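Student: Keeping their order, the protein sequence lines are chains A and B.
Residue 87 in the working numbering is what sits at position 87 of the first sequence, and the numbering runs on without skipping anything.
Residue 384 in the working numbering is what sits at position 136 of the second sequence, and the numbering runs on without skipping anything.
The hints are simulated quantities; they were obtained by calculation from the structure and are not laboratory data.
The structure presented is a predicted model; accordingly, all values stated were derived computationally and were not measured.
Mixed in with the good hints there might be a few duds.
[Unchecked claim] Derived BS3-like pairs: lysine-lysine, alpha-carbon spacing no greater than 30 Å straight-line:
#1 B:K363 / B:K320
#2 B:K377 / B:K320
#3 A:K92 / B:K374
#4 B:K340 / B:K374
#5 B:K340 / B:K320
#6 B:K363 / B:K340
#7 A:K92 / B:K340
#8 A:K18 / A:K92
#9 B:K363 / B:K374
#10 A:K18 / B:K320
#11 B:K377 / A:K18
#12 B:K374 / B:K320
[To be verified] In silico contact screen, one side only, chain B against chain A (beta carbon under 8 Å); selected entries:
#13 D449
#14 W496
#15 D497
[To be verified] The calculated label-pair distances, taken between Cβ atoms and stated as ranges, are:
#16 A:F99 / B:V347: 34 to 44 Å
#17 A:V70 / B:A385: 50 to 60 Å
#18 A:L124 / B:L502: 16 to 26 Å
Glycine residues also receive a C-beta, built at the ideal position from the N, C-alpha and C atoms.
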Amino acid sequence: MATPATVPAPQRAPKGWKLPWWVEPTATVVALGSFGLYSIWEVFFHTTGRFGNYLSPFFSPDVTAWGIHVIPAVWVVWVPLLFRASCYYYRKEYYRGFFADPAACARPERSRVYRGETRFPLSLNNLHRFMLYLAIVVILFLWDDTVRAFIFPNGFGVGLGSLIMLGNVILLSYYTFSCHAFRHLVGGGLDCFTCRARAVTRYGLWSRVSAWNSHHGQWAWISMFGVWATDVYIRLLISGVLHDPRLI
Amino acid sequence: MAQPQTMDQAAAPEAGAQQATDMTLSVFRGDATAGEEREYRVPVGPGMVVLDAVHWLQANVDSTIACRWNCKAARCGSCSADINGHPGLMCKTRLDDFVGQVVHVRPMRTFPIIKDLVTDVSWNYKVAKQIQPFTPAQPAPFVMYQRDVDRGQEFRRCIECFLCQNVCHVLREHSGMDRYFGPRFMIKIAELEMHPMDTADRVDLLAGGGGLGFCNITKCCQEVCPEHIHITDNAIIPLKERTADRYWDPIRRLFRRRRTG
Ligand code: SF4
Ligand code: SF4
Ligand code: FES
Ligand code: FES
């Protein structure tokens, strides 16, 4: 039985300031929406993302080197686009933000037939692993670009752009290799981690990926803003608004 | 809405005690056919939780208020409710989180009301029966390594409070009880599927009657779980990947060998 209070109450500070329920979905819509609009502008209205030895992630791999000059970014961006669109974390964010399914936990929803991910087209999200495989290929190209960003016509050097590109590819690697499908692939699909020699190695990998995976949502946002910042920087260099400071 | 009942209708706090701060509790009173929230004033002391307030009302104002509880320690999973619109355990939700607000206490919305704060959660037990139980390769006792049971042990922390079932929008908003087992049973299936000694296969059940595809991984179950089980990240998503292995991965199908176990 609860005893009525004997001292003035309550004494504990209320736990944090709780944001209203609509803040998170609205922030998602604003962030993803504006990145989407920016991407459309970048992809469809530019023919190059190259500035010297720097290459914007929107244009990597550089298909113009392979003779393709018609809206070159389009040949590239569908991979990261579909990779992120089928990412388990972004799925949560857009189902909440854009579909209000639910907008926030325990919020009432409009009544209509709900099929979740059981029907086309949302069931295609089950193919996420294939987008992961392609995204890993793109990451290899981005690392290659990053190495080249340190090689200037007069040899090794470090510009602000080189560092920005390095930061970007590190963030993207964390995002890509913290993926749930990758976690499943390296070891999550096993039921026994000790039954075979190879399973022991896979347990080690799985543990590492699990540690990264617990921050997958953060990697998703930071790496998206990283790509955005890198592209804006290189676009400003190309248009002559900025001058790239050489540090070494 | 009924008039607030004040403290003078009830026994005053113990003689000599300092005057406690009063808070207003608006408690759902009624059953499956009809009901409404009624407001009560409750004296609140430090550390008091919602369940304390309900108990105080039962003892001092109206002994007919129905609520289910057992442990008052967040262990038994009996006292689940919707508190200010958010699913939580009454024995773990502190009143000082709501200073200056009316505290609305309602029964879990997803399940049929029996009386006041008590709901009928028997649907969950029917679901449990549809899941093939642990089917070991050899009879116990057998040796297992800690790293092989770590995953399952997280899921075994479940106290069956059914808050995750209550918040899951498939069940709560879309009445999906005929299509989806709900997050509590996804962790149950994950525990069995990831067990090193289990030989049964529940992947077809997940893809079929279990309704895994109805979950859109919006993580509310994980947000409300009082045991902090990573329901979505560690059970549902891995199960979605296992279902994709079988139903969405032609390459894997081609190379599928015997389960590596
Ligand atoms: S993540 Fe899935 S199971 Fe959990 S609340 Fe959301 S829809 Fe329901
Ligand atoms: S998983 Fe968590 S929220 Fe769901 S019934 Fe178990 S303890 Fe409760
Ligand atoms: S990239 Fe987010 S889950 Fe795969
Ligand atoms: S009374 Fe046991 S969990 Fe609240």
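Student: I'd like to know which numbered hints this structure contradicts. Please list them from smallest to largest.
Tutor: 11, 13
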